[in-house]
Amino acid sequence: MNSLSVYLIIAAALFSLGLFGVLMRRNLIGMLISIELMLNGANLNFMAFNRFLAPEPAVGQIVALFVMGIAAAEAAIGLSLILALFRRLRSINIERAQRLRG
Amino acid sequence: MMWLPHDSVLTAALTCATLPFLSMAVILIFTRAYPRVSCAISVSAITVCLGSTLYLLLTLRHAPEAVEYQWAWIISGDMVIPFGFLLDRLSLLMLTIVAVISFLVQVYSIGYMHGDPGFSRYYAFQSLFAWAMMTMVIAPGMLQLYIFWELVGLASYLLIGYYYEKWSASQAGKKAFVMTRLGDIGFFLGIITVLLGFGDLGIQHMNAAAQAGDIHPWVVTLGALLIFCGVVGKSAQFPLLTWLPDAMEGPTPVSALLHSATMVAAGVYLMSRIFPFFAASPDAMAVALIIGTITMLLASTMAMVTYDIKQVWAYSTVSQLGFMVMSLAAGGYFAGVFHLTTHAGFKALLFLCSGIFIHEYHTNDMREIGQGGGRKLTIPMICMTVGALALAGIFPFSGFFSKEAILGVLAGYPNKIYLGAGLLGALMTAYYSFRLIFFILFPRPSAEGAPHHEDHHSGGHHGHVFWTMAWPCMILATITLGLGFFQNELQGYLLGHGAVAHGHEAPEHGGHGLGHYLLLITAVSLAVGGVFFAYLEFGWKKASQKGFLSKFPAVEALFANRWYMDHFYRKALDLLVYCGFTNIFTRNDRRVIDGGIDGICRFTVGGGRAVSFLQSGMLQYNLVLMVAAIGVLVLVFAL
Numbered sequence: 001m002n003s004l005s006v007y008l009i010i011a012a013a014l015f016s017l018g019l020f021g022v023l024m025r026r027n028l029i030g031m032l033i034s035i036e037l038m039l040n041g042a043n044l045n046f047m048a049f050n051r052f053l054a055p056e057p058a059v060g061q062i063v064a065l066f067v068m069g070i071a072a073a074e075a076a077i078g079l080s081l082i083l084a085l086f087r088r089l090r091s092i093n094i095e096r097a098q099r100l101r102g
Numbered sequence: 001m002m003w004l005p006h007d008s009v010l011t012a013a014l015t016c017a018t019l020p021f022l023s024m025a026v027i028l029i030f031t032r033a034y035p036r037v038s039c040a041i042s043v044s045a046i047t048v049c050l051g052s053t054l055y056l057l058l059t060l061r062h063a064p065e066a067v068e069y070q071w072a073w074i075i076s077g078d079m080v081i082p083f084g085f086l087l088d089r090l091s092l093l094m095l096t097i098v099a100v101i102s103f104l105v106q107v108y109s110i111g112y113m114h115g116d117p118g119f120s121r122y123y124a125f126q127s128l129f130a131w132a133m134m135t136m137v138i139a140p141g142m143l144q145l146y147i148f149w150e151l152v153g154l155a156s157y158l159l160i161g162y163y164y165e166k167w168s169a170s171q172a173g174k175k176a177f178v179m180t181r182l183g184d185i186g187f188f189l190g191i192i193t194v195l196l197g198f199g200d201l202g203i204q205h206m207n208a209a210a211q212a213g214d215i216h217p218w219v220v221t222l223g224a225l226l227i228f229c230g231v232v233g234k235s236a237q238f239p240l241l242t243w244l245p246d247a248m249e250g251p252t253p254v255s256a257l258l259h260s261a262t263m264v265a266a267g268v269y270l271m272s273r274i275f276p277f278f279a280a281s282p283d284a285m286a287v288a289l290i291i292g293t294i295t296m297l298l299a300s301t302m303a304m305v306t307y308d309i310k311q312v313w314a315y316s317t318v319s320q321l322g323f324m325v326m327s328l329a330a331g332g333y334f335a336g337v338f339h340l341t342t343h344a345g346f347k348a349l350l351f352l353c354s355g356i357f358i359h360e361y362h363t364n365d366m367r368e369i370g371q372g373g374g375r376k377l378t379i380p381m382i383c384m385t386v387g388a389l390a391l392a393g394i395f396p397f398s399g400f401f402s403k404e405a406i407l408g409v410l411a412g413y414p415n416k417i418y419l420g421a422g423l424l425g426a427l428m429t430a431y432y433s434f435r436l437i438f439f440i441l442f443p444r445p446s447a448e449g450a451p452h453h454e455d456h457h458s459g460g461h462h463g464h465v466f467w468t469m470a471w472p473c474m475i476l477a478t479i480t481l482g483l484g485f486f487q488n489e490l491q492g493y494l495l496g497h498g499a500v501a502h503g504h505e506a507p508e509h510g511g512h513g514l515g516h517y518l519l520l521i522t523a524v525s526l527a528v529g530g531v532f533f534a535y536l537e538f539g540w541k542k543a544s545q546k547g548f549l550s551k552f553p554a555v556e557a558l559f560a561n562r563w564y565m566d567h568f569y570r571k572a573l574d575l576l577v578y579c580g581f582t583n584i585f586t587r588n589d590r591r592v593i594d595g596g597i598d599g600i601c602r603f604t605v606g607g608g609r610a611v612s613f614l615q616s617g618m619l620q621y622n623l624v625l626m627v628a629a630i631g632v633l634v635l636v637f638a639l
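Order-wise, the sequence lines are chains A and B. Under the working numbering, the first residue of the first sequence is numbered 1, with each subsequent residue one higher. Under the working numbering, the first residue of the second sequence is numbered 1, with each subsequent residue one higher.
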């Protein structure tokens, strides 16, 4: 249970689940959560490579921290966009957002 | 051009090969509006050609071997196809025939075509015809021969369809063009066969190699048979013979030219041109012999029932061409060429005389000409009788000698059926040619009479026009009378000292025994019998002027309808083309061509839909595409 490939497989599964969510959900909040999932899959990859391969153990963790920071920022911006959209359209279904033109 | 003055032979050959073309070009481009000028240009061009031809003949008469001029024309790798002139005994003889007949026909046409609105056009085409034929005759290679062969076909198409505003004439021109083209396809394939199998199209090389056995026998047989297709088409042999009678729609001088020296003679000329090549393949010779025999007999039967004066001669040409092919195919090189020569003379004579009658009485029906007083036109009547005597093979006219030579060859052929067919043909020839003569000589008064013919006739008899037409006839009649006595000279000239001599001439040399005289007597008595029979039926005072064939209406209808060959072709065409090919082509059109275009349209529309789907503003669709693209990239780089 302690090999690199296991982590990589789990990370890929997480990423794929996130991708699936992004593509299939119509709810913007759901899509945002799915993106978090993809980011976490990427994070897991960083940590796994860091743990098993990297000569300098701290780099992967730093990158992972950055990703978390960016994810938080993205969530804040995304949520505010969603709020703006909701105010305008009374819905957070993404198909409604097609109406945005010009 | 600096070598021109040094070589008079070459100059003369070049003259023949260019001057008529120049005359045609000048007439078509500059002098179309001036009929007299056009006529003068064309006639003087052919006169100069005649002079050069005679010069060539006299200069090269004793030449030990063929004179050949060649320039490289098509060069591809090791293969060189030359363009040039081959002046040997055969081509010189044929060149002379063409020049003499063309010259006489063109002079005659001054009278016959007098006042015709297309006078210049007529002479332009005549020049084209003479040019194509003369250059074909002296071609040293098969490809050059083929090119001018096709030009001869074009010229005949133009001249047969000369009265293009007449529906039947334009149809006849088309028919002649298409039917001869059918044979030419075979001819061309034959040339390709020889090129692939032997690699050289020079006529002399082909002949020599085939005689020496340097070409694979299969190539020779296949090549000879395919080339014979061209002969079949051009010389109107069975089964492509129905275009020739229809070709009578052209002006009569054209028919004379067509039937004696140019178009249909080209086929027989081609066969004698590559005679050693043919002779190297016994199978091809056997096929040609059968075809020639069938043609000869079929055409003779057709000539026995028609009332159109020109069609009688047309059928007789077909049957005489059949004789020539028979002779060549039975190995009688000289007899075939000799008959070609004599036939050119007397057939041109017959046509030109008929032309005078037609010009005078404005009808092609021999009964109407007789009733109109055709016998009063003394000169053409005598000339035509001379021609008919020659055609029937009566001594001492030229046809007698050449037909005798052919029958001699056939008698020497192992299978005697062909001799029997030849004798039967000789009998029929005498019968049908004198049937025509007696119709005109001994007319029966018709119910309505024909006074208007009398008026017209007395008006133009001794005019300038009449004599322009009469004297070529008289010259030809003299030739017809005298040519036969030059048989030995011609034979000596043509066979030369080993130039074309080979074993195939044996029957002609060795046939002077008792059997020969027996054959001679049989043939002559058959010919005289045919004439006498015709006299009994058409000439005699109490004769009914109804042929014995009218007692058998079914047979008569069969002959008159050309053995229903045209009907058969029509049916075959309907079946094969209208139901067969066109069906396939329609399907091809609907399914493949239309279907293909429809498919492309459908693809475009579908593609547009697919792209517009991405432009819907749906974020997720774009994402799907992105992921798919990445997937493809991963696959490409990972694998």
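No wet-lab data here; the hints were simulated from the structure. Don't take every hint at face value.
Unchecked claim - Across the chosen pairs, the derived CB separations fall in these ranges:
(1) A:Ala84 with B:Arg590: 43 to 51 Å
(2) B:Arg590 with A:Gly30: 25 to 33 Å
(3) A:Gln61 with B:Ser616: 28 to 36 Å
(4) A:Ala72 with B:Arg609: 25 to 33 Å
(5) B:Ser616 with A:Leu79: 21 to 29 Å
(6) B:Val624 with A:Leu79: 19 to 27 Å
(7) B:Ser612 with A:Arg96: 18 to 26 Å
(8) A:Ile77 with B:Val624: 19 to 27 Å
(9) B:Ser612 with A:Val6: 18 to 26 Å
(10) A:Pro55 with B:Val624: 21 to 29 Å
(11) A:Glu74 with B:Arg609: 32 to 40 Å
Built from N, CA and C at the ideal position, the CB exists for glycine as well.
Results for each hint:
1. A:Ala84 and B:Arg590 have their C-beta atoms about 59 Å apart, which leaves the hinted 43 to 51 Å range violated.
2. Take B:Arg590 and A:Gly30: their Cβ atoms lie about 53 Å apart, and the range 25 to 33 Å is violated.
3. Distance hint check: the CB atoms of A:Gln61 and B:Ser616 are about 42 Å apart, inconsistent with the given range 28 to 36 Å.
4. At about 42 Å, the beta-carbon gap between A:Ala72 and B:Arg609 misses the expected band of 25 to 33 Å.
5. Remark: the range hint 21 to 29 Å for B:Ser616 to A:Leu79 is upheld by a beta-carbon distance near 26 Å.
6. The beta-carbon spacing between B:Val624 and A:Leu79, approximately 25 Å, falls within the hinted interval of 19 to 27 Å.
7. With their beta carbons about 20 Å apart, B:Ser612 and A:Arg96 fall inside the hinted range of 18 to 26 Å.
8. The supplied range of 19 to 27 Å is met by A:Ile77 and B:Val624, whose beta-carbon atoms lie about 24 Å from each other.
9. The hint said 18 to 26 Å for the Cβ distance between B:Ser612 and A:Val6, and at roughly 45 Å that hint is violated.
10. Evaluation of the 21 to 29 Å hint for A:Pro55 and B:Val624 yields a failure: the beta carbon distance comes to about 39 Å.
11. For the hinted restraint 32 to 40 Å between A:Glu74 and B:Arg609, the CB-CB distance of approximately 35 Å keeps it satisfied.
When the structure is compared with the earlier hints, violations turn up for hints 1, 2, 3, 4, 9 and 10 and for no others.
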